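Novice: Residue 116 in my numbering sits at position 28 of the sequence shown; the count goes up by one each step and never skips.
Derived from the structure by calculation, the hints contain no laboratory data.
Note that the structure is predicted; figures quoted are calculated from it, not measured.
Be careful, since some hints might not be right.
Calculated lysine to aspartate or glutamate pairs in the DMTMM-like style (CA-CA distance at most 20 Å, straight line) [said to hold, decoys possible]:
| id | residue 1 | residue 2 |
| --- | --- | --- |
| 1 | 571 | 413 |
| 2 | 506 | 519 |
| 3 | 479 | 401 |
| 4 | 527 | 572 |
| 5 | 479 | 466 |
| 6 | 350 | 394 |
| 7 | 373 | 401 |
| 8 | 307 | 370 |
| 9 | 510 | 562 |
| 10 | 329 | 370 |
| 11 | 532 | 542 |
| 12 | 288 | 414 |
| 13 | 439 | 413 |
| 14 | 348 | 572 |
| 15 | 549 | 509 |
| 16 | 421 | 466 |
| 17 | 506 | 572 |
| 18 | 350 | 413 |
| 19 | 553 | 530 |
| 20 | 445 | 211 |
| 21 | 419 | 401 |
FRET-style restraints, in silico, Cβ to Cβ [said to hold, decoys possible]:
| id | residue 1 | residue 2 | range |
| --- | --- | --- | --- |
| 22 | 510 | 416 | 37 to 45 Å |
| 23 | 533 | 208 | 41 to 49 Å |
| 24 | 116 | 280 | 39 to 47 Å |
| 25 | 460 | 562 | 40 to 48 Å |
| 26 | 168 | 316 | 47 to 55 Å |
| 27 | 123 | 280 | 45 to 53 Å |
| 28 | 113 | 208 | 29 to 37 Å |
| 29 | 316 | 527 | 27 to 35 Å |
| 30 | 510 | 556 | 49 to 57 Å |
| 31 | 122 | 256 | 13 to 21 Å |
| 32 | 208 | 280 | 21 to 29 Å |
Glycine included, every Cβ here is placed at the ideal spot set by N, Cα and C.
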Amino acid sequence: MKRRITDMSTKIMGQAQASIEQMRAYILSVNPKVPKSVLAMLPLYITEGTLEGVRGDVAFAQSCLETGNFTFAGSAVTLSQNNFCGMGVTSNGIKGNSFKTPKEGIRAQIQHLKAYACNDALEQRCIDPRFTYVKRGCAPYVEWLGIQENPSGAGWASGKGYGNKILNILSNILKTGEREETMNIIKMLTKKNCYPGQNKPAYVVIHETDNWSKGADAKAHATAMKNGNLAGTVHYYVDSKSVYQTLAHEDGAWAVGDGKGKYGITNRNSINIEICVNPETDYYKAVDKAEQLAAFLLKQYGWGTDRLKRHYDASRKHCPRRIIDEDLWDKFKAKTKGYMGSSGNDEEPEKYYRIRKSWEDEESQIGAYKSLDNAKKDWKEGYTIYDWNGKAVYPEKANTGNNKPTGGDYMFKPTAVKRGDKNTSVLLLQEILKARGFKGKDKKELKLDWEAGENTIHALKEYQKSRKGVLEVDGICGTNTWKDLIAI
Numbered sequence: 089m090k091r092r093i094t095d096m097s098t099k100i101m102g103q104a105q106a107s108i109e110q111m112r113a114y115i116l117s118v119n120p121k122v123p124k125s126v127l128a129m130l131p132l133y134i135t136e137g138t139l140e141g142v143r144g145d146v147a148f149a150q151s152c153l154e155t156g157n158f159t160f161a162g163s164a165v166t167l168s169q170n171n172f173c174g175m176g177v178t179s180n181g182i183k184g185n186s187f188k189t190p191k192e193g194i195r196a197q198i199q200h201l202k203a204y205a206c207n208d209a210l211e212q213r214c215i216d217p218r219f220t221y222v223k224r225g226c227a228p229y230v231e232w233l234g235i236q237e238n239p240s241g242a243g244w245a246s247g248k249g250y251g252n253k254i255l256n257i258l259s260n261i262l263k264t265g266e267r268e269e270t271m272n273i274i275k276m277l278t279k280k281n282c283y284p285g286q287n288k289p290a291y292v293v294i295h296e297t298d299n300w301s302k303g304a305d306a307k308a309h310a311t312a313m314k315n316g317n318l319a320g321t322v323h324y325y326v327d328s329k330s331v332y333q334t335l336a337h338e339d340g341a342w343a344v345g346d347g348k349g350k351y352g353i354t355n356r357n358s359i360n361i362e363i364c365v366n367p368e369t370d371y372y373k374a375v376d377k378a379e380q381l382a383a384f385l386l387k388q389y390g391w392g393t394d395r396l397k398r399h400y401d402a403s404r405k406h407c408p409r410r411i412i413d414e415d416l417w418d419k420f421k422a423k424t425k426g427y428m429g430s431s432g433n434d435e436e437p438e439k440y441y442r443i444r445k446s447w448e449d450e451e452s453q454i455g456a457y458k459s460l461d462n463a464k465k466d467w468k469e470g471y472t473i474y475d476w477n478g479k480a481v482y483p484e485k486a487n488t489g490n491n492k493p494t495g496g497d498y499m500f501k502p503t504a505v506k507r508g509d510k511n512t513s514v515l516l517l518q519e520i521l522k523a524r525g526f527k528g529k530d531k532k533e534l535k536l537d538w539e540a541g542e543n544t545i546h547a548l549k550e551y552q553k554s555r556k557g558v559l560e561v562d563g564i565c566g567t568n569t570w571k572d573l574i575a576i
């Protein structure tokens with residue numbers, strides 16, 4: 089009988105729905121004596137799953153099934169094998185595969201699930217010893233992981249209802265405790281001006297809009313972004329009353345490309361939050377809401393506040409401006425940690441020097457070293473030594489491989505705009521000014537006519553005035569004004 093795909097089928101690929109807190113609460117409820125090492129590794133299901141686009145909560149539910157909720161009673165594998173999914177157990181008496189660390193075991197499981205779920209290439213080096221044995225894409229749904237339920241007769245396990253058993257556990261996980269939806273997040277998602285499907289989050293980055301125009305709140309920015317009127321884009325806009333999500337986490341924003349990846353933070357490995365500073369917004373309440381949102385995201389991915397960054401940390405741009413000017417960053421991180429409760433993992437990152445062709449190219453890595461001197465001994469021409477923050481430290485003029493930008497570049501580079509110009513740069517300027525609420529002479533709406541006429545120059549001067557001494561009010565959109573206008 090042919091199995092039908094229904095709206096109720098559960099895809100293996102996607103973002104986890106269960107939080108780490110729910111996973112932890114569930115396993116403690118069914119196995120109060122669960123080893124501490126198991127509790128410590130729970131965030132790996134989310135982080136490893138996110139890297140490959142696989143639902144980490146599905147992988148965790150599968151592990152609970154395969155290990156008897158980590159009691160390993162009646163299981164073909166043991167805790168010391170770091171094999172939490174029965175990988176390699178093909179018949180009775182076969183011990184199964186072993187892995188050096190829990191991280192490797194979970195990564196192999198995630199990769200194996202991806203092999204069943206789709207035909208996409210792996211994002212990391214394959215460590216799944218059985219990856220090539222899988223008929224790629226034969227089980228995109230959890231229900232089809234059972235061989236008896238799979239339309240093609242392929243699958244992970246032969247037991248009847250295998251996939252549904254995983255889903256029953258997942259359902260119980262989702263019912264345990266409260267999902268971290270402590271905020272009302274309004275979704276206004278777009279695919280414009282971003283890198284669809286190319287983001288592998290590793291950081292949460294805080295920005296400020298620097299838009300003091302009346303009405304320039306979270307909804308206004310989200311609307312402008314959805315309409316494609318903003319050159320710089322982010323995942324969230326926050327004001328004192330609301331939070332708007334504008335990009336899916338899997339999509340890369342045009343937010344920190346000005347750093348060119350020099351400091352390890354790029355448009356393709358970050359989730360970006362803009363704090364609105366318009367006059368109607370209570371700035372400090374908006375900051376507090378951003379702290380809550382940051383805590384929610386960090387907990388969702390199992391990260392600590394070491395993953396919380398400013399735009400400044402990605403490019404040395406003076407952003408978020410007021411947080412920096414008022415010396416609020418340490419307080420911001422402390423409050424975020426407080427909102428995270430006891431689940432935040434704030435361990436310092438391991439301080440290794442890594443030799444790679446570029447920071448993003450993990451596959452090219454020669455080695456990781458505690459000592460910079462030892463790293464220099466193994467350094468080769470065409471490679472760069474990076475510190476634990478992704479900063480190039482050797483050689484002095486770092487060779488970053490092909491030197492291609494890591495994201496955030498426009499299809500063209502904006503040129504200086506002055507009265508009378510007619511080109512694409514004028515159009516971009518008009519779009520940004522219009523989106524930020526600036527009008528022409530006598531409050532005329534700006535036309536997107538590609539021409540720097542009287543109204544466009546008037547609106548430009550009004551913007552320059554609003555920056556209160558930061559910019560020269562000369563009616564020319566030069567390098568400094570462009571940098572101030574566009575937070576990329």
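Novice: Looking back at the hints listed earlier, which ones does the structure fail to meet?
Specialist: 7, 12, 13, 16, 18, 29, 30
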